[in-house]
Amino acid sequence: MKTYGEINERIRRKKAVVYTAEEVIDLVRSKGPEKAAEKVDVVTTGTFGAMCSSGAFLNFGHSDPPIRMTDIRLNGVEAYGGLAAVDAYIGSTAMRENSGEFGYGGGHVIEELIAGNRVRLRAWGPGTDCYVRKDIDTYITLDDLNEAYMFNPRNVYQNYSAATNTLDRTLYTYMGKLLPRMKNITYSTSGQLSPLLNDPHLETIGGGTRIFLGGGEGYVAWQGTQYDTAAPERNGVPVNGSRTLALMGDMKQMDHDYVRGMDVHRYGTSIAIGVGIPIPILNADIMKRAAVSDEDLYTTLVDYSVTEKGRAALGEYSYAELRSGTVDYEGHKIRTSPLSSYRKARQVAEKLKDWIENGEFLLTEPIFRLPETGTVKPLEVRR
Amino acid sequence: MIQKRYKLRFSDDNLQESVAYILVSKFNIQPNILRAEVRDDGGVMVLEMKGTQENIDASVVYLSDAGISIRAFDKQIIKNQDACVDCGACISVCPTRCFTPDPETWEIVLNYEKCIACGTCLNACPFHALSLPL
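Top line first, the protein sequences correspond to chains B and L. Here the working numbering is used: the first sequence runs in plain steps of one and ends on residue 383. Here the working numbering is used: the second sequence runs in plain steps of one and ends on residue 1134.
Heads up, a few of these hints could be off.
[Said to hold, decoys possible] Beyond 12 Å from chain B on every Cβ pair, some chain L residues (computed): (1) G1043; (2) T1052; (3) E1113; (4) K1114; (5) I1116.
[Unchecked claim] Chain B stretches covered by chain L per the calculated footprint, using a threshold of three residues with CB under 8 Å from any CB of chain L: (6) 48-54; (7) 171-179.
In case anyone wonders, no lab produced these hints; they're calculated from the structure. Predicted model only: the values in this text are computed from it and were never measured. Backbone N, C-alpha and C fix where the C-beta goes; we use that ideal spot for every residue, glycine too.
Okay, chain L solo, but in the shape it has when bound:
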């Protein structure tokens, strides 16, 4: 079993597809929808899939064939290293505890595996070092 994260874009034609149901029933995938929103230019979904490599690959092909744009999304939050001063304001606001200080250097390390792209940290950073391009 592996776990992968993708960003999906929907157009007006496929906005109402029940992605999660198809992934479960057809490909035995455990989907976790981290974020979903409908915007003026279509829909955006951040989706985590848990399953075998084979099934995840097949799901990606299926969704792509259904006209949904899908691409890997493993570094959701972008951290500008020049702007970051390693203060730690982000640490306690993150619901999944992505930010941890290195006990030796006190550099604040971002663990992308845990990030669910919620964006809670963005306005906690006084140095504008964090962004979430969706």
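Isolated chain B (complex conformation):
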């Protein structure tokens, strides 16, 4: 048994023993969870994939004369201006109109700001006695902004169903290009490295947990939207989409290596973000769960040619099977594609490990626990 305080003391003295969620698998296999828990202080996780429910609050500062911006475009992408005069929220899936063959959206704007690029700001307002200006056209950079922080209502989905397509035509979905007649399967997770798969019941991750977000420090702000605890489990871990986190972090600390705009063909734009969460190894149970491997993690295969409500499970596959490149479905071999980058996920976990080993990143005990129960309600269409 260890406490947060003891672990942080070891981090401060640069004596903490840190493993990534991938490295720790073999250690726990050979030593057992009790012995491993005595040795290891922190396990770092990582993921890098599409997180559509993401965006950023920006404050532009006041021009002279000032404007109350109600209609705002950043590189042609709409940002929400229904806030105070020069505050805005830009969401990852907002798309530039007429962006042509290659979609350009909020995710790209956020990426460009983080990369230090100039972004064109155009805004219009009603013109009032206190905000006389009615329009503005200028260029901004991240440095110019007073504040720029990501606030992502739903990130790091705890598991996610794999997708296939039984129709006789190609489907272009947010789960990627799905070839006809189940010719391929896509899945989106870093599996054994994934944050919420390594602490499945959120024993250590909660409100206020300090994390790696997009290359900088961030925090868990709240439970994510569509937070669900009702998913069936296998080996103590949900087998489809379940818990989620709302995350926030300072964009000025971020690195565009870990934040990339996406254009998902015929779906729209999104953003890929690198997220890493440290798991303090307080006891052997936590150690055991953080050492879960792709062989023991399963996901459900669903058909994206039918609407969500009618989606029957076509099967369950382990991430080891999915990651092997082909899986067997009723005697047929189906090829698989990951949609989240395992290389980047590993890079995130390694980077977070470096920070902790160098004494630059202390762990936080959650200020509040996230809900133990949560269900996702459908939207009823009423007349």
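Please arrange chain L on chain B, whose structure you already have, making use of the hints.
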């Protein structure tokens, strides 16, 4: 026997040449037409030739003399390494299995030998990292 890939451009004057027949009958080449299209500015063909070095060289000279522009085409798909994040969305859509993850690093490696320039992967990449200039 070696195998080489070329991009051929045809003008209005030679658009109807039966390239494959000539290659087989004159030069004992096994041709494999990977792609052929007629566009506003003429025709384009991506052609794979299998044969001896000597015969392939002779074919290239012959086609060139016939007024068909011919050049080596061995890196059909261009991968922008800065844009690529190694997600792997391209892996399962490629009919010839060009994309394989390095089992150690999980970098997605493009095997140009297998690429038939079909372009199926292009719109599967959400990071616009792949292009096929024809």
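Taking the closest pair, is the beta carbon of T1052 of chain L still more than 12 Å from chain B? T1052 of chain L is indeed farther than 12 Å from all Cβ atoms of chain B, at 35 Å.
Under 8 Å between beta-carbons, do enough residues of the region 171-179 of chain B, three at least, approach chain L for the coverage claim to hold? Held - the region 171-179 of chain B has 4 residues with a Cβ nearer than 8 Å to chain L, which meets the minimum of three.
Beyond 12 Å from each Cβ of chain B, as asserted for E1113 of chain L: For E1113 of chain L, whose nearest Cβ neighbour in chain B is about 18 Å away, the distance exceeds 12 Å, so it holds.
Is the listed coverage of the region 48-54 of chain B by chain L valid when you require three or more residues with a beta carbon under 8 Å from a beta carbon of that chain? holds (count 3)
Should the label of G1043 of chain L as a non-interface residue stand, given a Cβ cut-off of 12 Å to chain B? Non-interface label on G1043 of chain L holds, nearest chain B Cβ at 23 Å vs cutoff 12 Å.
According to the definition I'm using, a residue is off the interface if its beta carbon is farther than 12 Å from all beta carbons of the partner; does K1114 of chain L meet that for chain B? holds, 14 Å
Would I1116 of chain L pass as off the interface with chain B, using Cβ distances and a cut of 12 Å? holds, 16 Å
The structure is consistent with each of the numbered hints, conforming to all of them.
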